[in-house]
Structures are given as C-alpha cells and as structure tokens.
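Trainee: The chain contents come next:
Protein chains: 2
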Amino acid sequence: MHVVKTIESVRRSVAGARRKGGTVALVPTMGSLHAGHASLMAAAVRRYDYTVVSIFVNPTQFGPQEDMDDYPRPFESDCALCHELGVDLVFAPTAQQMYTQESSTWVQVVGLTDVLCGRSRPDHFRGVTTVCTKLFNIVAPDVAFFGQKDAQQALVIKRMVRDLNMPLAIEVCPTIREPDGLAISSRNQYLDPEQRREAARLYQTLQTCQIQIAQGRRSAAALIASMRDELQQIPRAKIDYVSIVDGETLIPVEEVRGRLLIALAVQIGPARLIDNILVDLGPS
Amino acid sequence: MHVVKTIESVRRSVAGARRKGGTVALVPTMGSLHAGHASLMAAAVRRYDYTVVSIFVNPTQFGPQEDMDDYPRPFESDCALCHELGVDLVFAPTAQQMYTQESSTWVQVVGLTDVLCGRSRPDHFRGVTTVCTKLFNIVAPDVAFFGQKDAQQALVIKRMVRDLNMPLAIEVCPTIREPDGLAISSRNQYLDPEQRREAARLYQTLQTCQIQIAQGRRSAAALIASMRDELQQIPRAKIDYVSIVDGETLIPVEEVRGRLLIALAVQIGPARLIDNILVDLGPS
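As you go down the protein sequences, you meet chains V and S in turn. The first sequence lines up with residues 1 to 284 when you count with the numbering used here. The second sequence lines up with residues 285 to 568 when you count with the numbering used here.
A hint or two may mislead.
Claimed, not checked - Listed below are the simulated DSBU-like cross-link pairs for lysine-lysine, each with C-alpha atoms no more than 30 Å apart in a straight line: (1) V:LYS20 x S:LYS304; (2) S:LYS433 x V:LYS158; (3) S:LYS442 x S:LYS304; (4) S:LYS289 x S:LYS522; (5) S:LYS442 x V:LYS5; (6) S:LYS304 x S:LYS289; (7) S:LYS289 x V:LYS158.
Stated by the list, open to error - Covered stretches of chain S (chain V as the covering partner; in silico rule of three or more C-beta atoms under 8 Å from a C-beta of chain V): (8) 351-365; (9) 487-501.
Derived by calculation from the structure, the hints in this document are not laboratory data. Fair warning: this is a prediction, and the values are worked out from it, not measured in the lab. All residues carry an ideal CB built from backbone N, CA and C; glycine is no exception.
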C-alpha cells in the first residue's frame, strides 16, 4: 500500500493501475476510520481492482462554530486499517494541496441541501460537493463509496453526479451499528459513558416509528410527534430535526407511503448525532 | 465526420478514439459558427488526434430578457464548416438531453463572475461553468478551446478547471476580427448596415487607449473617461461598461501597469457587443 500526499502522485499511481486494465474505486473519508468506513473499503477492495482511500478533514464543509479543529486525526491507525483491508493507495493531502489561496469555485446542489442537516449547517453540503468533485477529478474512479448513515449526503452526491454527467457510479452501503443500535460515527468518541448510553435511544426511536408504521399508522405528523416525545425523554438531548421525507426528493410527506427516509439529528452533550432509516411501502 | 445527439454516442465515439491512443480536443460552441470558431477548430484539428465540436444553445446562460429564442441556429451550414475543417465529431444535444427535469446542480466561480459582463448578466457565468463542466465530463477531452473575445469567460473557465482539479488543459486563441477591426461574433448579424459601421468604433476605441498607454498615460480613470467620450459619439450606442482590470483577477486598477485587460460592452441597436484587448507592460 502506498501513502501519498500530492495530487500528481495520485494521478500517476491511478494511471499505472489503469494501464494494467484495472477498475478503480474511491472511498472518500475524513479519516478517524471506523467499522462504517471499513465496510465501504472492504466492499471496494472485493469488487474493484484498485482501491483509493482519501483521508482529508475538509475545511470547507465545517461551519465556523463546528468541530473542525477537534476532529480526530489518528493518521497512523487509519493507515494500518487501510493496509489490513487491502487498500492500494491512501491519498492524504494537506489543505494547501487541495485549496490554493484564491480558490473560488463551488459546486452546489440546490433544493436537496436546504432541508434536514442543511438547515442547521448552511454551507456544509456545498463544501462536501465541492471537495468530492475535486477528489473525483483527481482520482478519476469508476465508482465512489458512501455510507447510508449520511443519507442526505449520499443523495446529494448522487444528484450531483447525475446532473453534471460525472463519469462514475455511486455506491451507498448500509449503516453499520454498535450492538445496541447506535450508528457508528467518528463523533461518538466525543460522548462520555452516560451520553453514550443515551445515544442508543436515537436508533430505538427510529425503530419504534418503523413498528408504528408496520402497525398501520400513516400520519407523518403523528409519527414525528411520537418520535419527538420519545427523544425529549433523553436528559440533556437537544433535537435539531425529526423528519419523514420522500426518499429521493427529501420533501416532507404528510402521509406515509412509497419510499421514505425517516431521519433525525440530535445534539447529545458535545456531539451532534444523526441517524436514519429507509422505509419502503412499495409503489405509492 | 459523425454528428451525434446523445451523451452515450459521444462517450462511445471518444472511447473508440482513446483506444487507438489518440488525444482528444473539445471546442464547445453555441453554433452559428464563424471565423472565430473556425480558428479554434483548425487549431484543435491541427494539434490533436480527435476533435469534438459541441453545438448547444445553452438555456442556462441566457437571462430571461435575453436573445435565447432569436439566437441563430444554422445547423446544416455549421456541420458543413466542421466537416470542411476536419472535425471528427459534432455533438448536438437537445436541452432535454443536457438538463433532466429536476436538474439542480450548479458550478459557480465567485468573485471573477461579479464584474464586467457578470454585473449586467447575473446568472450568465453560472450557466457557462455548469454546461462546460457537463461537456467536460461527457467528452473527457485532453484540452478545450475558447476564444479571447470572451475574455472573462476564458478566465472563469481556467479558474474553474484549476480550482476543481479538472483533468484537462484550456487553450485560449486570439480574437478574430473583420477587416475594419470588429471582433467577429454571432450577434453581429443582428446589426443593420449603419449599426454595423458604427460597431467598428468599439475596437478603434480600444486601439486609441492602447496608443495613449504607449504614449505614457497611466491613470486608468483618465483612460476610461477618454474611451467613454469616444464611445458616446456613436449615435444610439448604450455603454454597459468600460473597464481596465487586472488580467488575472479582473480587479479594477487605478494605475496602468503589469498585465491588464481593457474591456468594454456596448449595446448597439439590437446587439450587445463585447470586445477587449490585453496589454502587457511587463513585471509590475
């Protein structure tokens, strides 16, 4: 496995793999790799000839009050995990390498990015789509892997790729969870033991909603009210949003039918946690 | 020469050229091809193995009050010119092919696009950068050709390619002019004979300015005032802007030095005409 820091090195390595006729996969990450990332990397390694993992804490997707500086950067153990899983190349650029001084171009998906996480993180998705465009242009992969845990991000990236005719496929892999159901996230390590126990109730709330739907409840407003009630019982939890939206357009629904995303964001202590489930009730 | 209308056909044709080891050039146009386009196409054909010309009147770069519907579309003579010049492929998509119903992704270069033409055409460059990104992703060329006549467009595209790490080079070719100096443009055909004669005074004004600089005048304000005086003598001409700006950043200068763009936009009858010259006074 090679670890490179410059754009030129990545291009050279990928061109070498291409010359041998290989297919190329990219797993874009901010490092602090966990079992969720591992599932993406393992899928890429299994199905493609040459797997690139990018590790870059992208400044343009953090708001001014967010955790950019505190974001964990355990670079050596990240590389060890990549190596263990059979990754071919780790691309770990500096911010200077990725953004020159007068960088002034943005890629923006409108509409899809105004709702859910986009409401409380106004420039977040613009940073994500811009850095992903750059990584796609640098690596030129056949496919890029994303996790369903960041459901809105995955939809935004898929829309961008389709709208801009980017020549790659997007694969979205299932959310990986702790034994108690908590979606695995780099930000879970911000939690103290009590907060960590409370955090498991996010997924339990989603599961309760799913059961209520299976039992025939169809009013989105009633289901959301019931989820909010459940979340408000978590001491010191601060709800950002609880939403039931169309699974493609992210437009809120009134009545539960078709393919839906049930998504929530809750601040627990120092960590803003997100989770979601997809519910498919068949043709609406 | 092939003429194709679908994205899949372009990709197939370009992939065929690539398999033979050929280099690929793209000349993006809105059709209504003239000697300016011909110079770009001839340069591409001469220096690259496979030349693609796109012909697409891009709706997203026209404002609501602009000439989108009236824009000339002489498709057969355009194709004949491409054929004559040795172009390999003409890509002439429909608007439906290029923009699906819910297309909602934009590529935007901030700063550079707020000045000069961007002031009176607020969403113009966003449309240009978005459609060029799409064309670059569809054709995947080694190089794309643009004309210096649209100086701001060329700078914006170069900035976008650099900022987003797009894997292609941008070539900017000199403005082609009529014998009386008028920069050749598809919109010149909107002019009646008298307006056409008056239009030649745009380039004469730029040349006068260049002479004054050669004579030692250095105040941008005085040079601009003198150009405005000269343009105001054209009956029925309406000045949009007359600017002296840095040749890279497009920031207005106070004193003439370094590498500068002297640019103007003037409405003459039904046509909004633009022209510019680059002046290089050496290291500033």
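Trainee: Each hint needs a verdict: does it hold in this structure or not?
Mentor: Structure-based check of each hint:
no.	hint	verdict
1	V:LYS20 x S:LYS304	holds, 16 Å
2	S:LYS433 x V:LYS158	violated, 36 Å
3	S:LYS442 x S:LYS304	holds, 29 Å
4	S:LYS289 x S:LYS522	violated, 39 Å
5	S:LYS442 x V:LYS5	holds, 24 Å
6	S:LYS304 x S:LYS289	holds, 23 Å
7	S:LYS289 x V:LYS158	holds, 24 Å
8	351-365	violated (count 0)
9	487-501	violated (count 0)
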